[in-house]
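Relying on the hints, combine the two individually framed chains into one complex.
Taken in order, these protein sequences are the chains called W and L. No gaps in the numbering here: position 101 of the first sequence is 198 in this note's numbering, and each next residue is one more. No gaps in the numbering here: position 23 of the second sequence is 13 in this note's numbering, and each next residue is one more.
Please keep in mind that the hints were generated in silico from the structure rather than gathered at the bench. Among the hints, erroneous ones may be present.
Under the rule of at most 20 Å between Cα atoms (straight-line distance), these lysine to any residue pairs were calculated in the SDA-like manner [as the list claims (entries may be wrong)]:
no., chain 1, residue 1, chain 2, residue 2
1, L, Lys8, L, Gln75
2, L, Lys8, L, Asp57
3, L, Lys8, W, Arg461
4, L, Lys8, W, Ala155
5, L, Lys8, W, Leu141
6, L, Lys8, W, Pro466
7, L, Lys8, W, Leu467
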Amino acid sequence: MTSTAPLPRRPATPLPLAAAPEVHPPPFRLPGEHFVAALLWLALGAAGLVLTAPQLAAGNIFDPRVFAVTHCITLGVITSAIFGALYQLFPVTMGRAVRSLGVAHLTFWLLQAGALLVVAGFWFSSGAAQGTGWVAVGIAAVLFGPNLISQSLRAYPDPVVGRYIAAAYVAFMAALGLGSLRIGETLGYWHVDRLAMIASHFHLAALGFASAVAIGVGSRMLPMFLVSHGFPRWPLRWIGPLGGAGLAGFTLGQFAGSRGITLLSGGLMSLAGCLYLYLGLEYFRRRVRRTLDPGLAHVAAAYLSLAIGAGVGISLLVGRGGFSPRVWAVYGLLLLTGWLGLLIVGVLYKVLPFLTWLHLFGPRMGEGPLPTVADLTRPAWGWASLACLLAGLGVMVPAIGFGLGAVARIGAIAFALGVALVLAQAGRVLRLWYSR
Amino acid sequence: MNGAISQELEAHRAEAMKELRRVIDPELGQDIVSLGLIYDLVVTGSDVMVVMTLTTRGCPMQGPITDGVRRVLSDLPWVETASVQLVWDPPWTPERIRQ
Chain W
98 MTSTAPLPRR PATPLPLAAA PEVHPPPFRL PGEHFVAALL WLALGAAGLV LTAPQLAAGN
158 IFDPRVFAVT HCITLGVITS AIFGALYQLF PVTMGRAVRS LGVAHLTFWL LQAGALLVVA
218 GFWFSSGAAQ GTGWVAVGIA AVLFGPNLIS QSLRAYPDPV VGRYIAAAYV AFMAALGLGS
278 LRIGETLGYW HVDRLAMIAS HFHLAALGFA SAVAIGVGSR MLPMFLVSHG FPRWPLRWIG
338 PLGGAGLAGF TLGQFAGSRG ITLLSGGLMS LAGCLYLYLG LEYFRRRVRR TLDPGLAHVA
398 AAYLSLAIGA GVGISLLVGR GGFSPRVWAV YGLLLLTGWL GLLIVGVLYK VLPFLTWLHL
458 FGPRMGEGPL PTVADLTRPA WGWASLACLL AGLGVMVPAI GFGLGAVARI GAIAFALGVA
518 LVLAQAGRVL RLWYSR
Chain L
-9 MNGAISQELE AHRAEAMKEL RRVIDPELGQ DIVSLGLIYD LVVTGSDVMV VMTLTTRGCP
51 MQGPITDGVR RVLSDLPWVE TASVQLVWDP PWTPERIRQ
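Isolated chain L (complex conformation) (with noise of 0.2 Å):
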């Protein structure tokens, strides 16, 4: 039983950085998941959390990227509430990148 629930948080975390990946820096051009923005991505049942920095501290895409997190999040449709929590500590740096 704990087993094919766990296997089922798992298809849903797959499933949610597959979506999160539909979120594009506008000026690098690459998405947030590769950029490595992504610290960490909690479900809880029907809750995400997602863990994320972004490149630059008071970065002005800040607003447009949180609410495209939460958007894609919400596209899914087991998720009920997606939320986001912007961390600077570690800082990004570039070795993050994934390409």
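Excised from the complex, chain W in its bound form (with noise of 0.2 Å):
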């Protein structure tokens, strides 16, 4: 006895059987060390943007304390949170895990440990203490890449995600082995040119690091979220190359200190970031769900600072005013806390309770009626982060430009008050986790 009348919208082509290999994701506690350490350290960096804003509006950029907040975003927030996404990510979406959740673990606590010597040892000008932070994050970098990144290039099903991930992780040891360069400077054996140094760290770790990852995890995760369909796939195929050729020429101008290799180069990444920036647009114009959540609006906001930040980078690029630091100053604060802060605040936004609820309610599915995931947060918290983030860059941006200390600090406090309440919602959610 067999039934097999066709629904009203059975499809017409044959209906092959999904070969994605069965791959569970690890436990939750070790992504979730990870995500509890970048919102720690996002505090950490907010606290400390309260007390270094007037010293970057008074241009100071190689003041050591603003190292210190600089490296708490790149290495405490977003290295945590990558590598804390990654870990998620792969066995689920890409069908590949971890080789060792052992040595998983360990990365973990070296790069804590590691980013938390290399912060303090620049607030409190302690040449040992970055060293041996160097030290400790250089081994997590170089465990995390057989442990995971080597998988990314037999990803399944997408490989232009793993090339993506595959690429971040080059560019992630090329900044390390740069900020070397500089140890290896103050140690007497070589000198280097220290504004290149610090164009070429800066860019390979927030464009060819940061954002290769959340552009190779975005094209699964947005589209996902947004529950987008119909948007251009080319654009992926070129703006890594484009990017990446972009970045490689721009180490080599600057080292070289070639204005035209850096002209042509730098062109190159404007174009793959205008690229980008078109790819999400068409994320969000061809989105399934039009009301956005916090956690999207963020994610909507992030790409704002990235556009706003492109655009000041192309003006520094092409402008031959001489070194302006206070402009340097608002680039990198408009990638690192508005785009790559603001984009991971806001995945985690949709991560974190998301995850709970696989947790609470992922076996109970079917059984009756469940809260869904947008049940398990405060969302007027949510969009009062938004507007406290996006309030404090809006005044910090122009504040920092003009040279304003006491308005950047405000700015600065009103971004750190946003953090405090992103910590919160994300302490409640975690609550939830616990409670069972």
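What follows is the structure, encoded as structure tokens:
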């Protein structure tokens, strides 16, 4: 007895079975500890921003405390969040599991200890702390590669994403390598052009590493959360090669002191950035969920920061007015806290409640009425955090640009208030997780 | 006789489809039938096989949703085995959503 009468929307084509390998995500503790660390680093970074905002407005971008806050964001927030997201993403969406959970936990602690030492080393001007910290971060990075990144090139079913992540890892190692050049210089082993080193190091970290991961992982995650369909895939094939070539050329141009190479490669990076902004716009434009929740609104705000940051970057590239540290400070702020910071907050607003829902209610699916993922959060807190973060950036950016230290600090306080709300929201969700 | 069997199968099929509406996508807040994720439902005696997709390939909800499908179908008194075949071709598109 068989009934196979077609359903109203039965597809006309044959139905091959899904060939996705069964790979289970790691226990929540692994990505969870990374996400919690990233949020704590965000709080520390926001506090540091309050203290150093006047320095930024004064154009003292080489102040060791400014470096401390910068590395709070890059190593603490961004790298912790990226490592955690990759540990979670790979098994579920890429069909590849982390090789060793033990090594993964080890890289976490090495990264945290290293970042803490680096930040403290900058803040308290301790070369020994910095050196030890960089060694720990370096070991964490080296271990992370074979444990997870080598899996990315065999990622199923989307090798493009795997290539972005592998390329990001190369940029991460290159950024660390350039950082070590500076250590060698400090110890008197060699001389490097400080501006060239910092400019290259910054772009490799912010664009080559963090943004490449955001592009690759985001190409899976954002359409999933927005329920976007019909967006073009071709920009993904160009953004990586254009951005990668641009970044390599930019680094070469900086160290060779060639304005021509810098201009050309900066142009390639700008083109890649524009293509990515177009793709991001398409993700949002072609979404089925018309109403944005607070998490996705943070992501939209991140794209806006990227667009403004790209504009500032292009003005720095083509400008002939000489070195302008305040504009560099604005550029760094827009890319690190605006683009990457807001993006991470937005993604965590989606991922933490989602994983908590899976933990609490996933096994009960179909048993009866269950809360939705949105029910686990307080949207009002999410909107309030977005308002504070945007107000903070909106005040800080012009204040730093015009050299208004006190106003920049007020903006930083608003930003810190937004971060406090993000932490409160995350804390609420995590309490739910541990409630059962 | 055949007509009676056919009627019974259709009734089972309709009943199974109704049960599938109890499986709600927690992110979108909509059931999997309304979302158009069910491509086919094959009833063979006391066996039910659901051919379905997800909104995104590699969706983290894959396990809970397919488990939920098996669970709600197993609740039916006439079902002995409930299975799920996950397919990606043709891919899900928003046009499949039924409000």
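Here's how the hints hold up against the structure:
Between Lys8(L) and Gln75(L) the CA atoms are separated by roughly 19 Å; this keeps the pair inside 20 Å, and the hint holds. Only pairs whose Cα atoms come within 20 Å are accepted, and Lys8(L) paired with Asp57(L) is accepted, the gap being roughly 17 Å. As the CA atoms of Lys8(L) and Arg461(W) are separated by approximately 18 Å, the hinted pair is consistent with the 20 Å bound. Restraint check for Lys8(L) and Ala155(W): not satisfied, since their Cα atoms lie roughly 66 Å apart, outside the 20 Å limit.
A hinted pair counts as satisfied when its Cα atoms are at most 20 Å apart, and Lys8(L) with Leu141(W) does not qualify at roughly 51 Å. Distance hint between Lys8(L) and Pro466(W) is fulfilled; the C-alpha atoms sit about 15 Å from each other, no more than 20 Å. About 17 Å separates the Cα atoms of Lys8(L) and Leu467(W), which keeps this hinted pair within 20 Å; it holds.
Violated hints for the displayed structure, listed by number in ascending order: 4, 5.
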